[in-house]
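**Student:** Model the full assembly from the supplied sequences, consistent with the hints where possible.
Numbering (numbering that gives the first Met the number 0), first residue to last: 0 to 330.
Since the hints were derived computationally from the structure, they do not count as laboratory data.
There is no bait here: all hints are sound.
Derived DEER-like restraints, expressed as beta-carbon distance ranges:
{"id": "1", "residue 1": "D228", "residue 2": "S46", "range": "41 to 47 Å"}
{"id": "2", "residue 1": "P34", "residue 2": "E125", "range": "28 to 34 Å"}
{"id": "3", "residue 1": "A104", "residue 2": "Q292", "range": "16 to 22 Å"}
We put the beta carbon where it would ideally sit given N, CA and C, even for glycine.
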Amino acid sequence: MSEATIIDDYELLNCLQTGNSTQVWEVRQKSSGQPFAMKLLLPESFSDAEQKKALKSEAAIGKSFDHPNLIRMFDVVVGKKQGYFIMEFFRSQNLKQMLRTERPAVQARAKKILEGVALALAHMHEKNWIHKDLKPENILATKGSEVKVIDFSLASRPSGAIMRLMGGSKSMVIQGTRTYIAPELIRRKPLTFAADMYSLGITAYEILAGRPPFIQGNPNELLMAHVRDFPDKPSSYNPNVTPEADALVLKMIAKKPEDRPKTMQDFAAELRNIKLFKEDPEEYARVKAAAAQENFEESLSGRLDSRTDAARDKSAAPPPPKPAPKPAPAP
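**Tutor:** Following this line, the structure appears as structure tokens:
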């Protein structure tokens, strides 16, 4: 064990994620032998006072929560050489990874996953915090549908009365992830809990449809799509999605915050009372894959038959006539 793999009472085992200014590590506490996760400031960011402040802020926000669907925060240390905080270690992939590799299985558990996320956000809202960066990468889920929402680095308070009277933020910085950001944040309007509802709606759309509603190549065009474009129904991309699921998700991503479900509890209640898919998603995927394989085999067989027929026709054709003999040269 080298000195570089030890920070205070923690042994660094596996780097889980690297960001612009931090890394997240799986660690083992030497004194207890227990696993934890560590969010560690990178060396080049440690000299930045703002980064240290942000690290402390995220840890303090996380420690104020007490909910089974929010990752638990423990110690925060900002010393002379390192800055980090310790979190609960939750062994799972994030939802983005799961959607890439096992989408039908995620769809089969979509109700439990979305309800778990909604209850986590409801707890944050009760504590007067907005997550502001809800997306599949910030949702951890197990095969048993246990859910944890992570990453409070952008968490913010709702806009105050003065800000609402002013009509929003004058800051030129748009915080959030472009694919999931609410249109009012792009337009620098006041921040409310409805921004999280929009981001959860985009996430729900991606689970149901297999893709987000807006996929523009240009980053600015993607932002403008949230503001001006009306998305297709999820069932346009996945015919197995029910009309009531279409309606709920489109309501969540309404352009106007006041047109979305009012609270996370309201959304969760409506979610419980509808069917998301017409057929079991895993069985639907199996049948679809089997039909595609059958069509491929029939197409391949047809091409082979055509080649055989062409070869047979060629062999059965009469030989070409012999060329006429050339006339003898004149004496």
